[in-house]
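Once you've looked at the hints, dock chain C against the given chain R.
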Amino acid sequence: METTQPDWRAVERSPEFRELVRRRKAFLVPITIFWATFFLTYLLLSALAPELMGERVLGVSLGFLLSVAQVLMTWLVAFLYLRRAERVFEPLERRAASVAAAPRPGRFERPAAPVPGRTRPAR
Amino acid sequence: MTLPIAADLQALPLSIFGVVLAVTLAITYWASRRTSDATSFWAASRGITGIQNGFAIAGDYMSASSFLGFAGLIFLFGFDAMVGLMAAIVAFLPVLLYIAERMRNAGKFTAVDVIAYRLRARPTRMVAALGTLAVVSVYLIAQMVGAGVLIEALTGLTFTPSVILVGAFMMIYVIFGGMIATTWVQIIKAGLLMIAGVVLAVWVLAEFGFNLSHLFDTASSEHAEGASFFEGGLQFDSKLGLISFGLAFLLGTAGLPHILMRFFTVPNAKAARGSVAWAILLIGTFYIIVMLVGTGARAILGQAGESAVGDTGNLALPLLAEELGGGAGSAGGDVFLAVISAVALATILAVVAGLVIAASGAVAHDLWSNVVRAGRDSEREEVYVAKIAAAVMGVLAIAVSIAGGSGFNVSVLVALAFTIASSATLPALLFALFWRRFNTTGAVVGMSVGLAASLVLILFSVPVWPGPDSEGSPLGSLALDVPAIFSVPIGFLACWLATLASSEPEAERRFDELYVRSETGYGAEAAPPSAAEAPAPREPVAAR
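So the protein lines, in turn, are chains R and C. Numbering follows numbering that gives the first Met the number 0, in which position 121 of the first sequence is assigned residue number 120; successive positions increment by one, without gaps. Numbering follows numbering that gives the first Met the number 0, in which position 387 of the second sequence is assigned residue number 386; successive positions increment by one, without gaps.
Next comes chain R alone, as it looks inside the complex (with noise of 0.2 Å):
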């Protein structure tokens, strides 16, 4: 358990945070505009076009199959984030976690004054 804080500038400006944070964007963005345009576009047909909706397809409504839809776009959606995150971002988050965890100040600065009254453990 850590005594003091670290630098928490420090870390969000580190390469590791950096590139978690980026990986993490490059994968919500995109599956953000996915899933907000596949329901919203269910949600105006729905009041816009219900002549459509009550279209008769395989049998059932059509409005029926695309309600049907949203449930499986969301499973969809749930199933590619738990993966992404599992093998990508947990790694990374790992990383980023590590370079928190380390002594201050930090691995790319010059040896600092030792904080007073502590000794860091010598590495």
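To be clear, the hints were calculated from the coordinates, so they are not data collected in a lab. Hints may contain errors.
[To be verified] To give an idea of the interface, some chain R residues facing chain C are shown, with a C-beta separation under 10 Å as derived from the structure:
1) Arg8
2) Ala46
3) Val59
4) Ala77
Glycine residues also receive a C-beta, built at the ideal position from the N, C-alpha and C atoms.
Same frame as chain R, but now just chain C:
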């Protein structure tokens, strides 16, 4: 009225109710022995697994309004109600993608922990906790009134004792068993609900020879509007009404305090996202079932059933169960009706318990501990205050529900809860997590304006001003059932403008800390945020 305790008591549903209540009491006893400190009381000692929490989220989220309400609305109005249900499941994507893990990483017991993390604790927590209390108390009264009406219809026990019964059990779970009891009541309820749903759906499909086309044909021919049943447009006066209804569910879910609180009960962010995935699987399955069963209710009960199910349609499902079991008076019909009624009771109990524990978190953790006592109280005191708060909240909810009686319009209350959650809580939560510039002024003004806009717009809404074109409502034809489409932009805009109009370098500086912690999970358990907020850490630091 001479206050009869019971008009026409039904022995069978009452005895199955008794079994449900006995099981939940046993759970509460077991849980009470594991509940001592604040972490066990609010966060079940962070020992709930992902799959358990998935069931519990489903149990927390799917209220009687999902189970009975939406099935009834589909029975009455057809497609429009299906759209509302789908909004309520897609709503878990924002929770999964942006909120669940970050909440677990950076918070301690309540969503307000995350909103207030880098802002000035006192003003932020005060307003945010008021927002929580507004959502929770409105939603709680909606559930209690719904419960009273339902139990009266199903068992013959009248409204007042029914409300007291539900209120008393909800207080017992929370006060003695805390989050552990609440969680397991929710898990069991979700299991019962899924089983009941699958049985109902399969039975309905079997009635139509597993031929969906036959089911859909019968349903539309059994509705006065015929084909319009599957086209929509029957539930709302305007197209905007349907869109706004969908948006309220889509965005409100991510601001519901009792749902967000569930993410603190799991050990880490991985379990948090896993639990949302499980919840999505369960709720999605259940909502497909509700669509089929609601359509089945229309096909089987038909126009003849409309007077029996009532204006809200709440009794469509129980009546369908009775009909499937062999009809009123038959043994099969009685048993199936009683079982469905018991599931409905378990459903209500699980949701109200979740709401009360969220309210106790807002009062004891956010208001008492962090605003009044500024973090100087002990955990014991926090839990003690939480239990008092749960008791007061429970008694108030019972009193208001009885005073308002069955005349309370439940759908207005639910609409109000989702509108406040989406317009006051959600903007502040998202800005706090993702926008460095966001500050205390933005949060306080934004949440207050979001809350006020929700309240005012609900006062002008269609159910409050019934009649053609909502005559009398100052908004005229722009009055909606659920005004989220106006109030959500107002909430976001107020947060944004008030932030830009002020400056708080400290909040921007401390964004680094929140950002790193919420994204990486660093220090998620070892460093509770209250230690960072308050000058004196509550837990003694081991090494010095």
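Do the hints match the structure? See the list:
no.: 1; hint: Arg8; verdict: 5 Å, holds
no.: 2; hint: Ala46; verdict: 4 Å, holds
no.: 3; hint: Val59; verdict: 5 Å, holds
no.: 4; hint: Ala77; verdict: 5 Å, holds
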